[in-house]
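Enquirer: Take a look at the letters that make up each chain.
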Amino acid sequence: MDFSLSEDQLSFQASVRGLLERSCSLDVVRAVAAGDRGAAERVVRDLDALGVRGVMAPDAAGGLGLGLLDAVIIQEMIGRQCAPGDFSGAAIVIAGLSSFGGTSAARAWMTKVVSGEVRPGVALAERIGVRDGTGLRLEGGRLLGRSLFVADGDTATHVFIALPSGSLAIVDATAPGVSRVPLRTIDATRVFSEILFDGVPAEVLTGESLAGAAVNRMTAVARLLVAADALGAMQVMLERAVAYSLERKQFGRVIGSFQAVKHMCAEMAARLEPLRALIWHAAHAFDEGSEEADLLILLAKSHAAEVGVFIARTATEVHGGMGFTDLVGLHYWFKRIGVSRQLFGAPEAVRREAARLQGWVSS
Amino acid sequence: MDFSLSEDQLSFQASVRGLLERSCSLDVVRAVAAGDRGAAERVVRDLDALGVRGVMAPDAAGGLGLGLLDAVIIQEMIGRQCAPGDFSGAAIVIAGLSSFGGTSAARAWMTKVVSGEVRPGVALAERIGVRDGTGLRLEGGRLLGRSLFVADGDTATHVFIALPSGSLAIVDATAPGVSRVPLRTIDATRVFSEILFDGVPAEVLTGESLAGAAVNRMTAVARLLVAADALGAMQVMLERAVAYSLERKQFGRVIGSFQAVKHMCAEMAARLEPLRALIWHAAHAFDEGSEEADLLILLAKSHAAEVGVFIARTATEVHGGMGFTDLVGLHYWFKRIGVSRQLFGAPEAVRREAARLQGWVSS
Amino acid sequence: MDLRLSPEHQAFRAHVASLLEGHSHLSPTAADRGLKHPKRLAWQSFLLQEGLAARTVPAAYGGRGEAPDILKSRIISEEFARTGLAPPLAGQGISMLVPTLLELGTEEQRQAYIGPTLRGEMVWCQGYSEPGSGSDLASLTTRAVVDGDDYVINGQKIWTSTAMQADMIFCLVRTEPDAPAHQGISYLLFSMKTPGIEIRPLVDMTGTANFNEVFFTDVRVPRRQIVGKPGEGWKVANATLTHERGMLGDPSASRARLMRVAEIMQRETVDGRSLMEDPVFRDRLIALQARVFAMQANGLRVMSAQLKGESPGMAGLIIKLEGCELNHEIARLAIDAMGELGILYDDSPHLRDDGDWQQKYMYDLGLIIGGGTAQIQKNIISERGLGMPREPKSAKA
Amino acid sequence: MDLRLSPEHQAFRAHVASLLEGHSHLSPTAADRGLKHPKRLAWQSFLLQEGLAARTVPAAYGGRGEAPDILKSRIISEEFARTGLAPPLAGQGISMLVPTLLELGTEEQRQAYIGPTLRGEMVWCQGYSEPGSGSDLASLTTRAVVDGDDYVINGQKIWTSTAMQADMIFCLVRTEPDAPAHQGISYLLFSMKTPGIEIRPLVDMTGTANFNEVFFTDVRVPRRQIVGKPGEGWKVANATLTHERGMLGDPSASRARLMRVAEIMQRETVDGRSLMEDPVFRDRLIALQARVFAMQANGLRVMSAQLKGESPGMAGLIIKLEGCELNHEIARLAIDAMGELGILYDDSPHLRDDGDWQQKYMYDLGLIIGGGTAQIQKNIISERGLGMPREPKSAKA
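Residue numbers (my numbering), protein chains in the order written: chain A, 1 to 363; chain B, 1001 to 1363; chain C, 2001 to 2397; chain D, 3001 to 3397.
Heads up, a few of these hints could be off.
Listed below are the simulated DSS-like cross-link pairs for lysine-lysine, each with C-alpha atoms no more than 27 Å apart in a straight line [as the list claims (entries may be wrong)]:
| hint | chain 1 | residue 1 | chain 2 | residue 2 |
| --- | --- | --- | --- | --- |
| 1 | A | Lys249 | C | Lys2235 |
| 2 | C | Lys2360 | C | Lys2036 |
| 3 | C | Lys2072 | C | Lys2039 |
| 4 | C | Lys2308 | C | Lys2360 |
| 5 | D | Lys3360 | D | Lys3308 |
| 6 | D | Lys3039 | B | Lys1249 |
Worth flagging that the hints you see were computed from the coordinates, not collected in a lab.
Work out the full structure: start from the sequences and follow the hints.
Expert: Right under this line is the structure:
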C-alpha cells in the first residue's frame, strides 16, 4: 500500500519542472499570449526532447509505456508554468487509440502521434454538450458540420473527432473542405479552434464498441488532464500569494502577518491539498482499470473547477491591486484556471454525469 | 418618497420590544423551551395587552387597521426575543379572512380571532409540499387526512386549513375526530403539531376564487412573517457576537480586535442589512397591493433562509465553545433560525415558485 | 413608508422626460469618441443649462444653484437610464474635485476650476495611491519640498485613471516629512502638462490600460495650488473619498445586469434545451435575484435617510462591499451559464455580448480588491458600524 | 503508487476478520450501557489478548508489544467497521494519556496506570481548557501551590468530557506563577475522588451534557503525581495534543455519512417525487461527494507518508479544518433535503434517523468552534504549512 509518487515519478516531474522553468519563463508566457507562435513551438520542442508526448503509449509505439498518473504529474507542471503546447492533446488521442489494442490502423496512428509526425487536434466538445449551431454528422464516410473548441486545432495535422454516436473519426486537417477558425478565449496561452467540415473524407476506426470505449477514454483523460493543469496553476497562485504577502508591507508590517491574509492562504491550502490527492487517486484508478475510475475522474474534474474559482480569486485578492495588473502576470494563471473550468464539461454538467453513473437520475 | 418606518411605527416597535425585554427574558425563554405552558401564555397575554393580535384587522373587526409592514416589525421583535405565542398565526388567518371582504361569515371569524376568543391553528404545509403519508381531502363537508407542522396547533380552538385545492376550511379543534400530536423540533420556543382529521365537519368559506386568494395571502403573510422572525433573531445574534467579542480576551486582547473576528462580524452585518430592507419592501408592496408583492415575498423568504444559515453559524463561531453551550443560551436563536428556514417552504422550493411566477419554468 | 412621488416630483420627472426626449438628437453616441468630442461638450452645455447636470452647484461657478434634492437627482439618472441618452459627464473632476473645492477650496480656486471642469473642458485625474500604499494612504511617500514660491515634487502614483487624457491632477503629496503620518500630507492641484511628469499606461487583466502609473521628477507647482493648509491633505482627501463611495455599487445597474443574465439563460441552449430549464442555474439566478432586490431596497433606505438629512448608518456602510461582490457574482453566473462560450474573449467568433461578462467579471474583481479593498471595507464596517476596536499597533512597528 | 495490500497484510486482514467473526457473540451492544459494563470489559480483555487493541503497547504494560504498523491498525479499524462489532475502548485515557506516559512518564507511573487504563478499569478525563483560555492554553490560571509533599490545587476547568464517569484526570495546572506563560505549567495525574473536586454537567446546544465544568477547591495531590518536571507541562501536553489531532476527521466516516444522505434522498419524497430527482439537491450531493472522495484520497496520502516515517506535511495539517467542515456540510444537506422533516428532534413523530442529523449538525459545529477552533487551525496551516509569520504581539499587551 503506497499512495505516493515513486522516485522515478518525482524525478521525472522535477525534470519537466526544471525544463519548463528555464524554457517557459513569464516572458515566454507573455510572448505566447501575444501570439508568438515561434515561442510556443520552442516550448513544445523542449518538451519533446524529454519524450513526454508518448508518455502513455506502449514501448512498441515508441512511447514511454507509462500511465495516466505520469501524464497527470507532467500536466501539473505544464499548468504550473502556464506553458503552451499539445502535450495533453497527444495524451488524449493516445489513450483513445490504445482502446483498439494492437490493430494495425490504430497502432500506426499512435506511432505517428508519439513521434510527432502526426500532431493531433482533439474535438470532443460535441460529445459533451451541443451548443447552438454546432453539431457533426457522418454521411457516406464524409464529415459534415462544425466542432467548437478543438484543442490544438491550429497546429494539428489531423483532427481526432468524437462523434455523438460514440465513433472516433480522423480527418486530415489540411484536406480541402476543412476550415479552421481561431477561437480567442481569455486564456491566450492555449489555442482553440472552431473547425468546419464540409463533406471531408473521414477515417472511422473499425469496431463500433471499441470506438465508444475510445471516445470514453479520451473524454476521461481530457478531463483529468485539464484538472491537473488547473491544479498546477492553483499551486503556483497560492505560492505566489504567500510570497507576495511576505514582501508587501502595509501599515508597517508585511501583509502576510495579518490574520485575514493568513486565513485566506490557509483556506486555499486546505482546499488545494485534497484536490491533488483526488486527482492522483483518479489517475491511479484509471491506470489500474478500476471500476471506480470513471466516477473519480468526474469528481476530480468538477471539484477542480470549484476549488479553482476560489483559489484564482483569493490568490488575486491577496495581491491586492497588483494582482489585477499585467505587471506581475498573475492573471495568466487566473484565466487558465477559468478556461479549464469550462473545458470538456463544466462542473454542473459533469456532476450530472456522475449522478447518472451512480444511478441517481431516473431519466 | 419615504422608505423608512414612520414615527408611529418606530414607537410601536419600541413598545413591543420594551415589553418583550421585560416579559420574555432568557429565563422565560428557557422555561418555555422546557415546556412551561404557563410561561408561554403569560407572554401571549402581555402581547395581547398591546392589541397586537389584530394588527392587520380593520377597525370594524376590532383590529388596529394597520398593515403587513406593521406586523413584520412586531414579528421582528418577537424573533429578537425568541418569544412564544400565536401572533403570527392570528396575523396569517386575519390576512386570509380579509380576502372575503365584509362577508358575514369571514368577518365574524375575524372578530373572534382579533378578540382572542378564537385562537387559530394554521395548517399550510400540505399546500406547499406534500411529504410522505400526509395529505388532506374533503368529502361531503368532512375533512379526512393529516396535516403536519400546524402552527400553534396546541393552543388552537380552531384550525384554519389551506386545502390543496385552494379552499380555506375551518375545523373546531376540539371536535371529535380531531387528534393533535405534538411535533418536537430543535426549536422548543415554538410549538408545532400534527393534526389528524378523521372525517371531521369543516366549514369551507364560500366563494372558491376568493378562498384561493385567501390561501395565497395566508401563505404570503406566513412566509414574510417567518422571515421577519428570523431577521430579529439574526440581529440579536450579531449584536451578541459583537458584545461577546468585546468582552472575551484571548492572547492578551479582546477577540473583537482580531481581524478575523472583525471581518466575520462585518460580513454578518453586510448580509443582514439588505435583508431587512428587502423584508420591509416586500411588506410595503403587499400592503399597497403591488404586482411585485408576490415575487418580493418569495425572494425575502428564501433570502432570509440563506442569510440565516450564515449568521446563525458565524455568530456562534464568534462565541467559540461558549456559543455551543446552553450557558449563554445563544442556541435558542440558532435553532429558531434553523426552523424558520424550513417552515412554509424551504428556500429551494420557494425559489422554484419565484421562477414559475416569472415564467422561467416551462413546465 | 410611501414609495410614491410627490406631485412636485412627478411633474419634475415629466419635465426631465420631455426635455430629454425633445433633445435626443443632440446626445452623443459611442461613435463620438474622445472625452472632448464637440458633440459631448455641446450636450454637456445643454445639460448644464437645463439643470440636468451640476444641479446644485452655485450659479456663480457654472451650475444651477438649486437646493439639493436627492430624489430629483435620482429621477434625472433614472430618466437617462430609461431613454438611453448619454448621461452627464461624471469624471473624477466633476464627482470628486468639484464637491471638494466647494467645501474647502479658495474662492480663486473655485472660480478657476469649477466652471471649466463642469463644462468638460478641463479633465482631471486623481493622484492618491502609490505602489507602497494601496489601502494605507497615510504611508504615501511622494514628496513635495518647498523651494521659493513652488513645491518641487518627486515620487510616483499608481492606479491613476484617465491620466493620459487629463489636463489637471488633484494629488496627495508629503510636505511635512517630520509630522505624524496623517498630518504630513498636502493636497495639490496642478497641470498634467507640467514638465517632469511621465505617464505609463498600466495594462490590467482585462487586457486594457484602465489605469496608469504617473512619475514625478522635480515637478514644480506654485505653492498657492494647495487646497486647505499644508498638512491638511488627509482631511481634504477624506472629504473627497466620501464622495467617491457613493459612486460605486448602483443597485439599479445590478438589477439590469441580472435581467440580462436571465435573457441569456432563456436564449442559450445546450443539447437543444434552454439554460433556464436547468434547475441548478435557475436556482442560482433566483438566489442572486434576491440579493439584487435586497440591495435595491437597501438603496431606497439609504436615499430616504439622505432625503431627511439623516445618516444612513449601516445600510450605507455595506453598499460597496456587498454591491461589488454581487456584481462579480452575477458576471460569474453569466459565464458559467454560457459554459465554454462564456470563456470567449476579444473579438472571437461565437462571442456573446461582446465578451462583456468576462470583462465585468475581471473588472469587478479589480474593484473588490483595489481602491479600498474588501478587507478595508470590512474594517470600516466593523469599526464604524459595529464599534469594534481598530487593529492594535504592532509591537514591532 | 500501489493501493494493494501485501500478502502479509492480506493474511492479517483474513486473520482479524476470522477472529472477529468467530467471537461476535462476545461483542457488547448499545443495550450494555455503562463504560464498565462487564461485557465491555470482557470484550476489551479479549481484544487486548488478541492484539486488536493496544497492539503496539509493550507487553510489560499490558499491550502486545508489536511493531507499529499503520496499515495493520487501519485494517483492524476497517474490520470493526465492516463487521459492526464494538470497537476497542478509545477514551482519552487510552488515546491520549497512554501514549504520553509511554513517552514521558516514569516507570512507576507506567506500571500504575497503563494496564488498568487499557483494560477499561480506569477511566480518565482531561483537564486542559479553562473558561478564560479556550484556544490559548498558555493563559490558564488553575494554580497548584506546593505544600509539603503535596500540590494544593485551586481553579476551574471546562469542556471536560466523561468527568462524571472518570476515575482519574490528567490535568494542566500553573505551578510557577512567575515563569513566562508557557514555562509555568505542570502536568498532574490525580483521582477524581480526591476531596475538593466538584463536577457540573455542561448542557450544550444538542440538549445533552457532552461536557462538564470541573471545580477544584484545595485539592491535595502528592508531588510525585507529576508527569515530566515542574514547568514542563506545556511540552507534555503538546505531545498529547499531537495524538488527539489524529482522532478527528476520519474520511471513511464522512463517506459513510454521505452515502446515508444519498439513501435519504432516494427514499424521501415531496409531492410524490424523490428528492434525488431534484437536480438542485443532487448537484449539492455530488459536489460534497467530490470533497469526501478528495479527503479520502488525502487520508491515503497521509497514511502512506506515515508508513514511510515521513511527515505528511500540508496533507496532514488540513485534515481537521476540512474534515470537520465537510461533516457539518453533509449534515446540513441532509437537513435541507428533508426540509420540514429535517428540523424534527428528540423523539418526535415523523423523526428520521433518530434526529441524528440535527445532532451531528450541531455537534460538528461544536467541533469546528471548540477544542482548537477553525481560527486556530487556519493559524497553524498558515504558520507551519505556509511559513507565514505569527500574529505580532499587540503593543498594548
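Enquirer: Each of the hints needs a verdict: does it hold here or not?
Expert: Here is how each hint holds up against the structure:
1. For the suggested pair lysine 249 (chain A) and lysine 2235 (chain C), the alpha carbons sit about 24 Å apart, so the restraint of at most 27 Å is met.
2. Distance check on the hinted pair: lysine 2360 (chain C) and lysine 2036 (chain C) sit about 26 Å apart at the alpha-carbon level, within 27 Å; holds.
3. Simply put, lysine 2072 (chain C) and lysine 2039 (chain C) have alpha-carbon atoms about 25 Å apart, close enough for the 27 Å limit, and the pair holds.
4. Taken as a hint, the lysine 2308 (chain C) and lysine 2360 (chain C) pair is broken in the structure, with Cα atoms around 35 Å apart against an allowance of 27 Å.
5. Of the supplied pair hints, the one linking lysine 3360 (chain D) and lysine 3308 (chain D) is violated, its CA atoms being roughly 35 Å apart against a limit of 27 Å.
6. The hinted pair formed by lysine 3039 (chain D) and lysine 1249 (chain B) fails the criterion: a straight-line CA distance of about 47 Å is larger than 27 Å.
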